[in-house]
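There are 6 protein chains.
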Amino acid sequence: MALVPLIEYADATPGVRAVYDDIMATRRVASVNNFWKALAHDPANLKRVWATVKEVMAPGALDPLVKELLYIAVSVTNNCEYCIHSHTAGARAKGMSPAMFDELLAVVALANATNRLANGYRIDVDPQFRDPLA
Amino acid sequence: MALVPLIEYADATPGVRAVYDDIMATRRVASVNNFWKALAHDPANLKRVWATVKEVMAPGALDPLVKELLYIAVSVTNNCEYCIHSHTAGARAKGMSPAMFDELLAVVALANATNRLANGYRIDVDPQFRDPLA
Amino acid sequence: MALVPLIEYADATPGVRAVYDDIMATRRVASVNNFWKALAHDPANLKRVWATVKEVMAPGALDPLVKELLYIAVSVTNNCEYCIHSHTAGARAKGMSPAMFDELLAVVALANATNRLANGYRIDVDPQFRDPLA
Amino acid sequence: MALVPLIEYADATPGVRAVYDDIMATRRVASVNNFWKALAHDPANLKRVWATVKEVMAPGALDPLVKELLYIAVSVTNNCEYCIHSHTAGARAKGMSPAMFDELLAVVALANATNRLANGYRIDVDPQFRDPLA
Amino acid sequence: MALVPLIEYADATPGVRAVYDDIMATRRVASVNNFWKALAHDPANLKRVWATVKEVMAPGALDPLVKELLYIAVSVTNNCEYCIHSHTAGARAKGMSPAMFDELLAVVALANATNRLANGYRIDVDPQFRDPLA
Amino acid sequence: MALVPLIEYADATPGVRAVYDDIMATRRVASVNNFWKALAHDPANLKRVWATVKEVMAPGALDPLVKELLYIAVSVTNNCEYCIHSHTAGARAKGMSPAMFDELLAVVALANATNRLANGYRIDVDPQFRDPLA
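Residue numbers (our numbering), protein chains in the order written: chain A, 1 to 134; chain B, 1 to 134; chain C, 1 to 134; chain D, 1 to 134; chain E, 1 to 134; chain F, 1 to 134.
What the hints contain is simulated information worked out from the structure, not anything from laboratory work.
Zero decoy hints are in this set.
Quick list of in silico lysine-lysine cross-link-like pairs, BS3-like style, CA-CA up to 27 angstroms:
# : chain 1 : residue 1 : chain 2 : residue 2
1 : B       : K94       : A       : K94
2 : B       : K54       : E       : K54
3 : C       : K54       : F       : K54
4 : F       : K47       : C       : K47
5 : B       : K54       : B       : K94
6 : B       : K54       : E       : K47
7 : A       : K47       : D       : K54
8 : A       : K47       : D       : K47
Given only the sequences and the hints, what does the whole structure look like? Please build it.
Structure representation (structure tokens):
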């Protein structure tokens, strides 16, 4: 049970409903997830977080499916149960196949392993890797 | 300075050289990174890690650039300096533009934030997110 | 179910009871939490951990409510379910309002995000931030 | 050296300068930190992150100094060198004494320890800790 | 419920069965854990991960019990519920007493605490600690 | 440069000197590390942390070398540079060979990888792993 009550649409203030409406319209879904219903406990944060999610996850230099995969990679590394489930569902809706999910987890596991080898041996960065991106 | 001496090609045993040769051939580069030179301190681990990297990072259901982006996402979340530098270089060599890197970091930052909102509010997973992948 | 049996007061040794008594007296509560009942499996550790908690969480340069808020911030970042629940209860008992909890989570989420932006871009510390505290 | 060039005010676009001006006006400082100069590589992210920082770190149910202390607690737990330095400087400017910093670190260390005891023993949450905040 | 179906021996392909057979023979057990049944969703990864586990966890310079203890230490630090349970069982089968488990958790808690003190105070490494291992 | 001045023996108060003396006597060394010199900024914390380190790291059900190895495993997982260096030196002084260090890092890397596979696939704990330790 969440630490705060979940706010259903019927019980929401107009400001919260406006965010819910925008989430449903943007994602073409008929209701909002528990995540948003919990955040609605703090309407200012709800509004800010949604505005950021809407912008950051929109198509850009990276396509939306790749962004969902990155989201899962972070959530698995941090072990956020809610986020793994919700973004796995989101990624599937955007075309992630089971094989893609398997490969994603294999990369995430490998990266978590080699991160510790590099840190444990205290390996110096090769000079040619230090160039800034233009 | 690394906690173990870096093994240069000239000083390597035949078994280590065979791995170095395979890395250079697979990646079409003229030398190996410090990461491999440090791992060579433990030839069995060098061989295992390279075998896994070679398989996991090869083209598959996900393309190699997406895999590099996932690697960066994990490495930034864990703050592995070596891995951020080496995989950013690897991703650039595979076509990552500066704009893609910026978007990647924006997604990683967002995911790290919402992971904590979901965990902090102890939000229950929506039932529809629990379906297993076929 | 915990990995070790929880030790109830009635079943505790005199040494464990003495710690339980001190916890109950210090906190003005009628029983101890599961955390202490599990730690009692290792009486030396129970005694050490309680001695540290008692000293560190006492009023000092920071007031006890602020210390509870810091505890929650760490526990949310690490996703310790037990600790989030117990320290949220502790903070409420010391005066944390729901609005304070919301703001706390907003700060924790933001910090987790900008930590990754700073690490991902490998931003150098500004020289003026390096001065040691007197 | 950062992975992206730092954008100085003199070289910034009008949109970036507007953010820099707002940072300097809000914080009453004469220049912006490296963090913002690196984020300016991605003006949309710079604008979003600053808007969130400005709102989240403003006085509210928690005072700005407490928010800085929470920021440090998260940054120390994640080991973000840049953020530890910049938010320690920020907290000092808002009144954090050396004794407060010492107590903060003692709480952060303790919480990181007990998080692992609770997780390692797999301690069940006491029922009375599960009540949601109103 | 796992995000992928668990593959039972009766339903497994010959390649997956070969891995299951090797796990059961190596460990002298009559069935494989859920971990392997989930990984079997991706037979290439199953094979790779088992090959690494088999080699890395075998007796060597460190004995197998010490390796299980190290595994628990990492899993507790990362809060991997599955891994804490499975490796605690593994360690007990190899001789870990309850007192050893208690001491392990006390060390893990302490290390997690002092890691944050060292990082929070930004303590410089003593020069004599920088020598590489021969 | 540390965020607080390092307190040398010559400049220390009698209370701090008493802790330094006990560290040097217990460890049979002629001086204390930077870690203790930084903690001395907060004498109460110095005293508490040393008392815990002295007890927890003493011989018990686990021998002191195993405890040092566990310390390194945690510190590598968290990427605490100071702690990796100081506890690697400590472990070497207690008999850790380079081959043992290599195997330790291989186990730590593997555990960090499989932690993410277990979490990412959301694998349920096998019932037989749930038995509490007696």
